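> Sequence:
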Amino acid sequence: MPVANLHVLSGHPRQNLKSWIRETSQALSDILAAPKDRLEVWVTEIDPDLWGIGGEPASEVLAQTPRHDAEMPFIKMILMEGRPVEQLHRVIAQLTAITAHLLNADAERIRVHIEHAHPDRWGIGGVPASIRRAAELAVRQAG
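The sequence shown begins at 1 in full-length UniProt numbering and counts up one residue at a time.
Think of the hints as simulated: they come from the structure by calculation, not from any bench. Computed from a predicted structure; not experimentally measured.
Derived lysine-lysine pairs resembling PhoX-like cross-links, with alpha carbons at most 25 angstroms apart:
id	residue 1	residue 2
1	Lys36	Lys76
2	Lys76	Lys18
3	Lys18	Lys36
DEER-style ranges, computed between Cβ atoms:
id	residue 1	residue 2	range
4	Asn5	Asp37	15 to 23 angstroms
5	Ala134	Met72	38 to 46 angstroms
6	Asp49	Ile131	43 to 51 angstroms
7	Ala142	Asp37	20 to 28 angstroms
Ideal Cβ positions, reconstructed from N, Cα and C, are used throughout, including at glycine.
Please build the complete structure, drawing on both the sequences and the hints.
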């Protein structure tokens with residue numbers, strides 16, 4: 001069920017973005033013990049004219065400031081409720097490290113936001129996760 005939307009200014013090499021998807025997916029699978037076939041990870045590239053940095057369009061900021069010092073990659077995730085906080089902290093740390101490495105980004109400027117979905121408010125094929133995956137969720141919450 002984990003989903004992650006990786007937001008970044010356009011202009012990064014396509015191969016780096018594809019590696020970002022692969023490495024993020026692997027980290028989520030490893031840390032969350034989530035099967036890869038249940039993960040969704042995608043990159044949203046934002047036009048620098050449409051992303052504000054310090055109240056100015058990023059295109060104008062980047063004309064004067066190196067990307068490394070200006071860009072703020074943003075990762076938004078949704079996970080099912082019930083995971084240990086230590087696991088969430090590992091996700092934040094690992095996705096920050098992956099992003100910094102692959103995008104040559106300043107780790108201090110990377111933001112990761114994790115939202116929780118209650119199983120009654122997350123649908124899978126038209127059925128609430130609380131019903132569809134009741135046994136699996138029980139095991140996950142007990143462990």
